[in-house]
Amino acid sequence: MERIGGKRIVNRKWVLPLVFILPSLLFVLLVNIYPLLSGIAYSFTNKKLLGSGTFIGLKNYTDVFASEDFKKSIGFTLTFSISGVLGSFVFGLLAALLLNTNIPARSFFRSAMLLPWIVPSVVSVTCWRWMVLKDTSIINAIITAFGGDPIYFLSDQKWAVVLVCALKIWKNFPFVAVSILAALQGVNRNLFEAARLDGANSWQVFWNITWPHLIPVATTTTILLCIWCFNDFENLFLLTQGGPMNATTNIVILAYNYAFTKNSVGKASAMAILQLIVVLTFSLISMRNQKQVEE
Amino acid sequence: MKKLVAVLLAIMLLASMCFGMTACGSTSAPAADSVDAAPAAEDASGGSPYAGETIEFWDMAWGSDSARYEAEAKKIIDAFTAETGIIVNYTAVPWTNWYETFVTAVASNTNPDISTGSGYQAFQFSALGYIEPLDDVYEELEASGELQGFMTRALDLMYYDGHYRALPWMADVRGLLYNKTMLDENGIDVPTNWDELEAACVKLSEAGIYGFAIPSDSAGKQTVYQFAYNNGGGVMTADGQVSVYCDENREAVAFLARLGEKGCLYPAAAGMTGSETQAAFLNGEFCFMITTPALAEANYDLVDFEIGVAEPLAAPNGNHGGFFSANNIMIYANSEHKEAAKEFLKYWSANELPMFTKGTASGIPVRAEFYEDPYFSESKFLTMAFNEFIPIGGNAVWRMTSNFPEANDLDGLTEWTALAQGITMGEDADALLKAVDDAAREVMGQ
Chain F
1 MERIGGKRIV NRKWVLPLVF ILPSLLFVLL VNIYPLLSGI AYSFTNKKLL GSGTFIGLKN
61 YTDVFASEDF KKSIGFTLTF SISGVLGSFV FGLLAALLLN TNIPARSFFR SAMLLPWIVP
121 SVVSVTCWRW MVLKDTSIIN AIITAFGGDP IYFLSDQKWA VVLVCALKIW KNFPFVAVSI
181 LAALQGVNRN LFEAARLDGA NSWQVFWNIT WPHLIPVATT TTILLCIWCF NDFENLFLLT
241 QGGPMNATTN IVILAYNYAF TKNSVGKASA MAILQLIVVL TFSLISMRNQ KQVEE
Chain H
296 MKKLVAVLLA IMLLASMCFG MTACGSTSAP AADSVDAAPA AEDASGGSPY AGETIEFWDM
356 AWGSDSARYE AEAKKIIDAF TAETGIIVNY TAVPWTNWYE TFVTAVASNT NPDISTGSGY
416 QAFQFSALGY IEPLDDVYEE LEASGELQGF MTRALDLMYY DGHYRALPWM ADVRGLLYNK
476 TMLDENGIDV PTNWDELEAA CVKLSEAGIY GFAIPSDSAG KQTVYQFAYN NGGGVMTADG
536 QVSVYCDENR EAVAFLARLG EKGCLYPAAA GMTGSETQAA FLNGEFCFMI TTPALAEANY
596 DLVDFEIGVA EPLAAPNGNH GGFFSANNIM IYANSEHKEA AKEFLKYWSA NELPMFTKGT
656 ASGIPVRAEF YEDPYFSESK FLTMAFNEFI PIGGNAVWRM TSNFPEANDL DGLTEWTALA
716 QGITMGEDAD ALLKAVDDAA REVMGQ
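The listed protein sequences derive, respectively, from chains F and H.
The letter at position 6 of the first sequence is residue 6 when you use the numbering used here, and the numbering goes up by one with no holes.
Take the position in the second sequence, starting the count at 1, then add 295; the result is the number in the numbering used here.
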């Protein structure tokens, strides 16, 4: 923006890019801002999916905080998110480090590793369901072949949680691996050779040379993993529908249940707002950390 | 400024992720196989004043074999189009998340012109003005003498607030299906009451066989319903009060829980859908299951064991009750092709026999003339369902004089599925039943 003769003139270099992004911007405003504002408004009403609602202040929020199912869903959401992020990151990092070495059939493994990431969830999760559904399913066939008792993964609250966390890690670790592998490719090989000449062991090389180069990528992938784990719906819904006994119901599925089976859009919106605040806070903190790292 | 823009974009991204599940939850069509019957219209003779109009028909997955069911549906639709010139787009809707599918569709004005659905759906939607009254269709059917052939109990259930809201097409009942081969091999007679059922399950359990299964979804809820109604219980009292936690229901739930305590319940069922549990039953993985007698008829020659349907059990108090639902077809008030949809409704109702005889529909017809077909008259299971299960059946509005809109919400409570799962998993079944009662009272404002 410039000021010539007291008039504000738009800098011409902004005009063309603005024209290019305007359609997308309008679309984003329509599909993002409208639902956001609607959701905020609904959270202060007793609106039902069928029918209008009236303003009830903060009642939805107090009801949500007081409800046992919300507390239970927070517990599961944290368990699922923490294990999903840590597991995906650790396995992804290990896979990237392994695939960055000269192992046989490296190209094949690099491609094969991507399968969990690229196969549509509806396909892969259905396969997982078949693998654990019954005592005769393949996982239990393996367990019993080694002398163990069959595990009813979908009928046991603890095992169901383990199962969905394992699924999330399995689906997400290729993304971490590919991201970190790309970062590893960019590290100057001379640094490793110099460190080796100075007598550094493998751990010292990793901690003092490799890891500092990975921090920017690691921060970004961690933020994305946090958001994906916190907001996951499809994997949980397809595998367990939030069961058994709501053991794998996260906040998103709970909000879905309130909106579409309990017909309470107001409470569902209140849950979505609370979730938004948590994820937003976490993301802002992470973004600040990333900026500090870059500086 | 750049920082502000970045933060705003981040908020928008996160907001879209968070609200994608709630505020943008509307759907234009259910995720289901769609059969387009339009090609048949090319040969249409156009015998109806509504020839050339296109109607959307959503049909639930009523068949135990969905491919056979949809094939028969398409034949009826093709014949209808050839006769009338009205085009029907057929969409099969899965039972999974049926409630969300229809509620979202009507809320977003993307509903079909005509649909089947849950037994109470038409009354919930009627109260909100989404359903077209069908009094004129009933008058036409009465004048032609067709209505006299309908099951009276089913017709009575369609009447709400001074109007007929839907047309029944299929009666749904539940019975105790059993693996007779399994019983014979273990020297067990077919049970006639709860004590005998429990004894049979225990004996099977001692032989390393699971006796009974409760699915995790709405089929599990219907299993609970079956024993509750069998015992004289119910969801509501005659004066419209919630009675989920009544003594009869508590006794029924306690009975099922006792089967679990004695190791008689098939553990995997707590994570299985009704269809998956049916498949496990047909695969011989347990002995007893509460489901539709039509499953036995449709699979009698297909399974490698003898399948049977028990006579209605005697409850501890001597009562003989069971689950009964009148599934129906409704027309939506916002349809631009109501008259064409009514034409199709009447045609479908009069010609739906193959849906049962060839299409593996899960229930039995509500039209008496269909029972003259050998498929029914020669089937002991379906004859038993008509003669013995229908007269004693109850549902969510049982004991009340008329239907009510909240019945759909009551039937769709997620607490029912938690109860069904919890019984198998050894949780406190009585507390879970109380939780259903609390949720039902919240729905009814009691």
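Keep in mind the hints are simulated off the structure, nothing from the lab.
In this text the structure is predicted, and so the values were computed from the model without any measurement.
Incorrect hints may appear among the rest.
What the hints assert, rightly or not - Within a straight-line C-alpha distance of at most 27 angstroms, the following computed BS3-like cross-link-like pairs (lysine-lysine) qualify:
id : chain 1 : residue 1 : chain 2 : residue 2
1  : F       : K71       : H       : K729
2  : H       : K475      : F       : K158
3  : H       : K729      : H       : K641
4  : H       : K641      : H       : K475
5  : H       : K498      : H       : K475
6  : H       : K729      : F       : K59
7  : H       : K641      : H       : K653
8  : F       : K158      : H       : K675
9  : H       : K557      : H       : K729
10 : F       : K158      : F       : K71
11 : H       : K653      : F       : K72
12 : H       : K729      : F       : K48
To be verified - For the chain H half of the interface with chain F, some residues (derived, Cβ under 8 angstroms), not all of them:
id : residue
13 : A377
14 : V401
15 : T405
16 : M567
17 : E571
18 : G717
19 : G721
Even glycine gets a Cβ: it sits at the ideal position worked out from N, Cα and C.
Verification of the supplied hints:
no.: 1; hint: K71(F) / K729(H); in the structure: holds (20 angstroms)
no.: 2; hint: K475(H) / K158(F); in the structure: violated (36 angstroms)
no.: 3; hint: K729(H) / K641(H); in the structure: violated (43 angstroms)
no.: 4; hint: K641(H) / K475(H); in the structure: violated (41 angstroms)
no.: 5; hint: K498(H) / K475(H); in the structure: holds (14 angstroms)
no.: 6; hint: K729(H) / K59(F); in the structure: holds (24 angstroms)
no.: 7; hint: K641(H) / K653(H); in the structure: holds (20 angstroms)
no.: 8; hint: K158(F) / K675(H); in the structure: violated (45 angstroms)
no.: 9; hint: K557(H) / K729(H); in the structure: holds (23 angstroms)
no.: 10; hint: K158(F) / K71(F); in the structure: holds (17 angstroms)
no.: 11; hint: K653(H) / K72(F); in the structure: violated (47 angstroms)
no.: 12; hint: K729(H) / K48(F); in the structure: holds (24 angstroms)
no.: 13; hint: A377; in the structure: violated (36 angstroms)
no.: 14; hint: V401; in the structure: holds (7 angstroms)
no.: 15; hint: T405; in the structure: violated (13 angstroms)
no.: 16; hint: M567; in the structure: holds (7 angstroms)
no.: 17; hint: E571; in the structure: holds (7 angstroms)
no.: 18; hint: G717; in the structure: holds (6 angstroms)
no.: 19; hint: G721; in the structure: violated (10 angstroms)
Taken one by one, the earlier hints fail for this structure at numbers 2, 3, 4, 8, 11, 13, 15 and 19, listed in ascending order.
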